[in-house]
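There are 2 protein chains.
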Amino acid sequence: MDSEQFREFGKAAIDLIADYIDNIRKRDVLPSVEPGYLVDVMPENAPEKPEDWKDIIQDFNQMILPGVTHWHSPRFHAFYPTGSSYASIVGNILADGLGVIGFSWMSSPACTELEVVTMNWLGKLLGLPEEFLNCSPGRGGGVIQGSASEATLVGLLVAKDKIVRKLLQDHPSLDDGDIKKKLVAYTSDQCNSSVEKAGLLGAMKMRLLKSDSEGRLRGEMLKKAFDEDIAMGLIPCYVIANLGTTGTCAFDPLYELGPICNEYDVWLHVDAAYAGTAFICPEYRHLMKGVELADSFDFNPHKWMNVNFDCSAMWVKDGHDLIKAFDVQRIYLDDIKTETKIPDYRHWQMPLGRRFRALKLWTVLRIYGAEGLRSHIRNHISLAQHFARLVRTDDRFLVEPEPSMGLVCFRFKQGDNVTKTLLERLTKKKNVYMVAGSYRGRYVIRFVVCSRLTNKDDIEFSWNKIKEEANLISSEEIHIKNNMLKLNHIENLTLCEKSK
Amino acid sequence: MDSEQFREFGKAAIDLIADYIDNIRKRDVLPSVEPGYLVDVMPENAPEKPEDWKDIIQDFNQMILPGVTHWHSPRFHAFYPTGSSYASIVGNILADGLGVIGFSWMSSPACTELEVVTMNWLGKLLGLPEEFLNCSPGRGGGVIQGSASEATLVGLLVAKDKIVRKLLQDHPSLDDGDIKKKLVAYTSDQCNSSVEKAGLLGAMKMRLLKSDSEGRLRGEMLKKAFDEDIAMGLIPCYVIANLGTTGTCAFDPLYELGPICNEYDVWLHVDAAYAGTAFICPEYRHLMKGVELADSFDFNPHKWMNVNFDCSAMWVKDGHDLIKAFDVQRIYLDDIKTETKIPDYRHWQMPLGRRFRALKLWTVLRIYGAEGLRSHIRNHISLAQHFARLVRTDDRFLVEPEPSMGLVCFRFKQGDNVTKTLLERLTKKKNVYMVAGSYRGRYVIRFVVCSRLTNKDDIEFSWNKIKEEANLISSEEIHIKNNMLKLNHIENLTLCEKSK
Chain A
1 MDSEQFREFG
11 KAAIDLIADY
21 IDNIRKRDVL
31 PSVEPGYLVD
41 VMPENAPEKP
51 EDWKDIIQDF
61 NQMILPGVTH
71 WHSPRFHAFY
81 PTGSSYASIV
91 GNILADGLGV
101 IGFSWMSSPA
111 CTELEVVTMN
121 WLGKLLGLPE
131 EFLNCSPGRG
141 GGVIQGSASE
151 ATLVGLLVAK
161 DKIVRKLLQD
171 HPSLDDGDIK
181 KKLVAYTSDQ
191 CNSSVEKAGL
201 LGAMKMRLLK
211 SDSEGRLRGE
221 MLKKAFDEDI
231 AMGLIPCYVI
241 ANLGTTGTCA
251 FDPLYELGPI
261 CNEYDVWLHV
271 DAAYAGTAFI
281 CPEYRHLMKG
291 VELADSFDFN
301 PHKWMNVNFD
311 CSAMWVKDGH
321 DLIKAFDVQR
331 IYLDDIKTET
341 KIPDYRHWQM
351 PLGRRFRALK
361 LWTVLRIYGA
371 EGLRSHIRNH
381 ISLAQHFARL
391 VRTDDRFLVE
401 PEPSMGLVCF
411 RFKQGDNVTK
421 TLLERLTKKK
431 NVYMVAGSYR
441 GRYVIRFVVC
451 SRLTNKDDIE
461 FSWNKIKEEA
471 NLISSEEIHI
481 KNNMLKLNHI
491 ENLTLCEKSK
Chain B
1 MDSEQFREFG
11 KAAIDLIADY
21 IDNIRKRDVL
31 PSVEPGYLVD
41 VMPENAPEKP
51 EDWKDIIQDF
61 NQMILPGVTH
71 WHSPRFHAFY
81 PTGSSYASIV
91 GNILADGLGV
101 IGFSWMSSPA
111 CTELEVVTMN
121 WLGKLLGLPE
131 EFLNCSPGRG
141 GGVIQGSASE
151 ATLVGLLVAK
161 DKIVRKLLQD
171 HPSLDDGDIK
181 KKLVAYTSDQ
191 CNSSVEKAGL
201 LGAMKMRLLK
211 SDSEGRLRGE
221 MLKKAFDEDI
231 AMGLIPCYVI
241 ANLGTTGTCA
251 FDPLYELGPI
261 CNEYDVWLHV
271 DAAYAGTAFI
281 CPEYRHLMKG
291 VELADSFDFN
301 PHKWMNVNFD
311 CSAMWVKDGH
321 DLIKAFDVQR
331 IYLDDIKTET
341 KIPDYRHWQM
351 PLGRRFRALK
361 LWTVLRIYGA
371 EGLRSHIRNH
381 ISLAQHFARL
391 VRTDDRFLVE
401 PEPSMGLVCF
411 RFKQGDNVTK
421 TLLERLTKKK
431 NVYMVAGSYR
441 GRYVIRFVVC
451 SRLTNKDDIE
461 FSWNKIKEEA
471 NLISSEEIHI
481 KNNMLKLNHI
491 ENLTLCEKSK
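Those protein sequence lines, which keep their order, are chains A and B.
Letter by letter, the first sequence follows residues 1 to 500 in my numbering.
Letter by letter, the second sequence follows residues 1 to 500 in my numbering.
Okay, chain A solo, but in the shape it has when bound (with noise of 0.2 Å):
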């Protein structure tokens, strides 16, 4: 393909997902297909001679599109939102099409700084302590990751690293072996699925600490946690608070999880996955009160804030303790030294490749502005207490807990069965994609508003669909008691009649 048939392939492209978009409620949410559709369809061997790029166009639309579940649909309200913008789009463009992999500043210098620039103005948009930047004086700097679940291994893996050296230190005679196995890492049980695999996969004990009623971890259950350890030889190592638990978009208290860790010297990690982009808006950031003390910051701009998967944002207090950890060197890798602040961005994570993901952001942070951002979120979140309200005008329905951010969970009062129903006819018919949840033990249904796209007609749509099939469920459900009336009508009459 030469770059003329390139130009066309491309355009082609631009315009298949600007209609794609402009057309997405004509679609079904959810695709009518079963497991094994495409396999089934699908040639078996990779063609031998080139083809051409419109029939990968033409099996784009018949084949791929309809298995596709459309995660920018309005109607789609299940799991949290995964960005994705026409800036973010571009950028990649972009970035693709330079192909560099800054695993060095030589290696791209554009690709290392645009990173450094970029991290910078987001962590000031979202009112982060100033120890966190690289533009501050000291040792601290955001880094992109691939996803929260890579922050909080790297977090963890840091956590590990800086303990057993420090041990190690001031006890040569320990093994390095045993130590290592008394480590325990502390989260919430609303962490995500990704938090405890962190535990799994960097060999960490992880406690999932009860929650209180509103679903956060507190810190006196985190000092009981440490003390309990600690008088059973372990030594506590690393914690995760959530800022926004999936399940429910609980806010743990930094404010009292960080003194606590600053006392026993355990690093504090906070995954603010979801939740964090709504710190550019000021009148959120009471959320984060605390986090000054925590050591390590991430949230996704490829989940609130309208950029492509994969940009996560880590920032950390001291770059040196992650060099620390991770730097394998090699004479192919050698690198100009220098004495400026620009940091070699494979000390900082743990794979050794990296793509110029700093220019999707930029594109984001430009296109939209601060201001289109703000507008963006509080636009999500004043759609969600609009869902609310509609939930509450049915009282058949219960709103629980309060919603927060973009998300309401609700549940049928009449119980879990009921709601569960609702749920799974939903799902079969396409039309609003939503997830289960669960509250005080209760099974609710979380709804969230996820495109960009979404407006006050199409939560009004969702919400129509919500209740014509709570309609039926109640209509039925009528008609089955009024059937076992008349049974037990029936049957009472029959026994009378013998009785008599």
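It is worth saying that the hints were derived from the structure and are not from the lab.
Treat the numbers as computed from the prediction; the structure is a model and nothing was measured.
Don't take each hint at face value.
Taking lysine-lysine and the DSSO-like style, the derived pairs with C-alpha atoms no more than 30 Å apart in a straight line are [to be verified]:
1. B/K341 - A/K49
2. B/K428 - A/K341
3. A/K181 - B/K223
For this one, chain A is given, so just place chain B on it according to the hints.
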């Protein structure tokens, strides 16, 4: 930004990239910037108001491009290639446009299934044993990881999990932590830094065993290491064989390592990051003889196969090993259970989230076809041979070891210092970019055919730049020698005068 503006912005980016590639030979391969160049000129804060896309394109041209190292320039001969192609760029536009996250089948069926299909295609193209493929009757299958680093770490964690589970089952009284600290991983001293880093991250002792004079890890050496460690009470757990080492592109003999790993029940992972692509050509498959004895195999289509980073293709013989190691269930991830062979890929990898990376693999396989990929590989290898012939016409130089794949290592016969000077001066002149390596203790220059655009003229251009610089060095040396001789002569004369 609405869809109409996106059509303009996106198409402008397509043209920018096409123009960039069309004119890439006009640029120096290395940029003329100093550390901090971009940080110094960029604004300190993100813009408050939304900006025009045309300003972004302008800044990209004026600020970003001057700081780029041009990995796709035919004068880039450093490291190993990083993949990029028009086909891949468009595949990624489609993926970003859909913006789905494929952690379960339901979260986007096409995302999971196209990965199954293309990984089957690719495995067959490489001639991998059937048991690695999802389309075979067993539990094998392929998965796209982010990088070879990640794949090596995934293999290590799974091998660790498997051996710990087995030992705990056989000896329930053993302690999990005590087992883990005894586990050992093995690879050759020629391994990539990412392999060593996997040991660091996965907290497993990693022995870098001495390679033979050709840079290969031999069976005898591995067996000896196993026996030594077992005698010391340690437990051999994981071996990483390198097919195409980073330094000199040496191939470990799998037919020697495999039987030993199988005998000792140790997980054998094959890292063919760069050279794996060559197995699409049947004439190179002898270099992976014994691959049927491995447990996992990984190579990077994002290196030599023209797919953009990140796309690392990993196959395992038993997917259940991965699922056991990585499964963390949650209510919101509750998925339909199927009896099909369609995997839930989140259990096959470390992070929870995953992009639709199969799309770019699909577009590359179709736009090139097997034929196109084979001719790309053969062309690069023949260009490397051509370069080696050119170097050999100059008797100041030595090509050593024999060129392997697209890599030629060479050095001045005169010694390491002159070779180093040559590389440093060429790097400073920025026309040609190569990096250093070492072979049998000698400093060598690694010359790799990297860009998919490279032709014979480009190779001759690079060779001429090298020769010119070598000529300069030689003439300066002659000049210095002459001066030294003159000085000696004068001194001698003076001495003679004095002694008179």
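Does the structure keep B/K341 and A/K49 at a Cα separation of 30 Å or less?
-> holds, 29 Å
Could you grab the alpha-carbon distance between B/K428 and A/K341 and see if it respects the 30 Å cut-off?
-> Satisfied, since the Cα-Cα distance of roughly 22 Å is no more than 30 Å.
Please work out if A/K181 and B/K223 have their alpha carbons no farther apart than 30 Å.
-> holds, 29 Å
In summary, this structure violates none of the numbered hints.
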